[in-house]
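There are 2 protein chains.
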Amino acid sequence: MAYQKPLRFDILAKDPSTGARRGRLYLAHGIVETPVFMPVGTQGTVKATSQEELVEMGYQIILGNTYHLYLRPGPDLVAEAGGLHSFINWQRPILTDSGGFQVFSLEHIRKIGEDGVVFRSYVDGSYHEFTPEKVMQVQSQLGADIVMAFDECAPYPCDYDYARSAMERTHKWAERSLAARDPKQSFFGIVQGSVYRDLRIESAQFVSSLDTDGIAIGGVSVGEGKELMMKAVEWVVPYLPEEKPRYLMGVGTPEDILDAVVRGVDMFDCVLPTRLGRSGSLYTSLGRINIKNARFTRQFAPVDPECDCWCCRNYTAAYLRHLYMCDEILAARLATYHNLYFYARLMENIRKAIDEGRLVDFREEFLAKYKAQLVVETEIPNEDETRRENNNEPRAKRSYAGARKTQRKG
Amino acid sequence: MAYQKPLRFDILAKDPSTGARRGRLYLAHGIVETPVFMPVGTQGTVKATSQEELVEMGYQIILGNTYHLYLRPGPDLVAEAGGLHSFINWQRPILTDSGGFQVFSLEHIRKIGEDGVVFRSYVDGSYHEFTPEKVMQVQSQLGADIVMAFDECAPYPCDYDYARSAMERTHKWAERSLAARDPKQSFFGIVQGSVYRDLRIESAQFVSSLDTDGIAIGGVSVGEGKELMMKAVEWVVPYLPEEKPRYLMGVGTPEDILDAVVRGVDMFDCVLPTRLGRSGSLYTSLGRINIKNARFTRQFAPVDPECDCWCCRNYTAAYLRHLYMCDEILAARLATYHNLYFYARLMENIRKAIDEGRLVDFREEFLAKYKAQLVVETEIPNEDETRRENNNEPRAKRSYAGARKTQRKG
Chain A
647 MAYQKPLRFD ILAKDPSTGA RRGRLYLAHG IVETPVFMPV GTQGTVKATS
697 QEELVEMGYQ IILGNTYHLY LRPGPDLVAE AGGLHSFINW QRPILTDSGG
747 FQVFSLEHIR KIGEDGVVFR SYVDGSYHEF TPEKVMQVQS QLGADIVMAF
797 DECAPYPCDY DYARSAMERT HKWAERSLAA RDPKQSFFGI VQGSVYRDLR
847 IESAQFVSSL DTDGIAIGGV SVGEGKELMM KAVEWVVPYL PEEKPRYLMG
897 VGTPEDILDA VVRGVDMFDC VLPTRLGRSG SLYTSLGRIN IKNARFTRQF
947 APVDPECDCW CCRNYTAAYL RHLYMCDEIL AARLATYHNL YFYARLMENI
997 RKAIDEGRLV DFREEFLAKY KAQLVVETEI PNEDETRREN NNEPRAKRSY
1047 AGARKTQRKG
Chain B
647 MAYQKPLRFD ILAKDPSTGA RRGRLYLAHG IVETPVFMPV GTQGTVKATS
697 QEELVEMGYQ IILGNTYHLY LRPGPDLVAE AGGLHSFINW QRPILTDSGG
747 FQVFSLEHIR KIGEDGVVFR SYVDGSYHEF TPEKVMQVQS QLGADIVMAF
797 DECAPYPCDY DYARSAMERT HKWAERSLAA RDPKQSFFGI VQGSVYRDLR
847 IESAQFVSSL DTDGIAIGGV SVGEGKELMM KAVEWVVPYL PEEKPRYLMG
897 VGTPEDILDA VVRGVDMFDC VLPTRLGRSG SLYTSLGRIN IKNARFTRQF
947 APVDPECDCW CCRNYTAAYL RHLYMCDEIL AARLATYHNL YFYARLMENI
997 RKAIDEGRLV DFREEFLAKY KAQLVVETEI PNEDETRREN NNEPRAKRSY
1047 AGARKTQRKG
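So the sequences go chain by chain: A and B. Using the working numbering, the letters of the first sequence map in sequence onto residues 647 to 1056. Using the working numbering, the letters of the second sequence map in sequence onto residues 647 to 1056.
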């Protein structure tokens, strides 16, 4: 399909009593109904699932990680294959991030400057430099429908001065990214500013002034907690142009998504449904469960009686638990499918509720059920770490604070 | 479906110039066309694939391992679920082995006697005893269409005296297994006798004298090599009743299967297509390849141009290689599917060739292509070990000889 640029975003409906919007994105590779959740395909595959299964579940867009794809298999190879769509055989829209999130949380950052970041590959130890221009070139080679500006995602906690300088760098890099972007691709800017209201507003105003196709709120889901995350959304949204799509990066739980949708966010991505699925944690209409729990040993019924996914239509909780206890690949497959299906249905229901002007009721009903009977048998393991690690699956386990230290030395 | 016993086996055609037979098995859960290859579902799942995919590929029967299912999730739980078919949601025929192969190759055998074997669970260290009666009871609880007699699979190498005593024990256990079998299930006896012609013939005669529904040739594929394996088949087959199905346990490569089919074997099972798939080794019409080889880095074409499987229709060798280099689950999925599809098509072509009286030609053509251009980039890693380990995936890595020593001490 030929590229069609700039992106078109139609707002089809607005919820009467919240900030929620029901929209439709027209991208080079197809249409995306919003609010939308984008599964994370870090290395050109959404872990444990297949492209055919994603289509079957109704997903219209997935995310690819520029940082990972840059290192493996490399942008030249992807370009030679005809771009990421062709390389991975996914013919629907793709969004690639800028690699900023990953590169700033790396152990082996060697040098940070105003121009960019020198880092060491976790694959083979080689040195590489990411600049706004380089990152836009890589994203052009990958050929995603939507590309992101190169930004610095400030860690949490982060003092005011550092948050300001990171934000200012992000703004300069946004301008350079914009200048270097491939005009065939849709381009999103990223609002930073950490947990500081004035910085968030300043950043929102600056990014809104740029000629972007959409705007992302970055630097959230890095360990700041739900309350500060929602504050960031509340501070930023009033300063964003109504007509552009809004993307909250790396978020989140079903509750987070509902909370952000009512605050006017249109797009989401998160590794939670896939990562938690692989560890045996499954979303159900009655809350999140850990399938390894002994109480499922003899549950010869589906994981979620209300679910009609491939897993729940065909297999019992008892069988799934058995597969987990034996560390079988089918366990990860079934749970990943189930969780992604759960997210797909959640977003579908959110869109329907906005269409019908009853989002508040839907949210209340969903959460009443999801939380009232909720037996969270495992908390999200290292929730902060999970959030921080979002989009950065194979990252070395270490504290962001340590990375920061290295960075400042650089 | 109600049990229908004894099994019916119709021989539909015989190849005019070889011993090959084209048959049809009628079992409790459906029909199986022979010669047939049975994928190995060790722990109630054929690794990296799904039951739906096996149906899609055309598989009519799979194998389950009694030893593994006995330990996890346990026969009581499987029975409570309504049997293995219901527990794993596979509504077509299943064959369960007797656990003899696994239990005799275990590290923690504590006591071997004429009555049975005491062994330690590799899961939790607990002690268990397998006797013929116990094994038949477990297989009854699992509810497979075809169950196997409890046997002792002699190792290789094995001296004559030990081979004889193991064979004699196997014969006594066969009688006890037969007496204890669930009459609703089809029952196969197992011929042993190691690499000794007179023992093989004696065993074939003895097992043929029993009231079984089919006969297996066991104790092959334990490291004796292809030549001795085919000798065992040649020694045994003339003494087997024409009208019963013949099953060569744990075999094998495409070449092995062709060689055994022309010698009159009807049924096969092997972990090779699944295990090799997970390690990146793929069967193609031009031979077996290692997808991790650098020459596939830019092969933007399917793994096998002649293959129309899910993997080859949708994905390139370059993408599959990338997935392997990144250790992604989709790599194991695609390769397993491809290899099982290759085996399914091989068996389909073998059956068709027998139907049409041109098996010799087919075999020649297949092998000429498969071997002429063959670049075996990796030998089957530890081929002997792979064969020996067949049906015993999570077994501790140690020499069979050591197990034997322990056994003799017992």
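Derived by calculation from the structure, the hints in this document are not laboratory data. Be aware that one or more of the hints could be misleading.
For chains that are exact copies, the list does not tell them apart, and a pair is met inside one copy or across any two.
DSBU-like mimics (lysine-lysine), calculated; alpha carbons at most 35 angstroms apart, straight line [to be verified]:
1) K890 with K818
2) K780 with K1017
3) K1015 with K757
4) K938 with K757
5) K830 with K1017
6) K780 with K938
7) K818 with K938
8) K818 with K1017
9) K660 with K780
10) K757 with K660
Hint by hint, here is what the structure shows:
no. : hint            : result
1   : K890 with K818  : within (21 angstroms within a copy, 79 angstroms between copies)
2   : K780 with K1017 : neither (45 angstroms within a copy, 47 angstroms between copies)
3   : K1015 with K757 : neither (50 angstroms within a copy, 55 angstroms between copies)
4   : K938 with K757  : between (44 angstroms within a copy, 34 angstroms between copies)
5   : K830 with K1017 : neither (44 angstroms within a copy, 48 angstroms between copies)
6   : K780 with K938  : between (45 angstroms within a copy, 29 angstroms between copies)
7   : K818 with K938  : neither (48 angstroms within a copy, 42 angstroms between copies)
8   : K818 with K1017 : neither (43 angstroms within a copy, 61 angstroms between copies)
9   : K660 with K780  : neither (38 angstroms within a copy, 67 angstroms between copies)
10  : K757 with K660  : neither (46 angstroms within a copy, 74 angstroms between copies)
The structure does not agree with the numbered hints 2, 3, 5, 7, 8, 9 and 10 stated previously, though it agrees with the rest.
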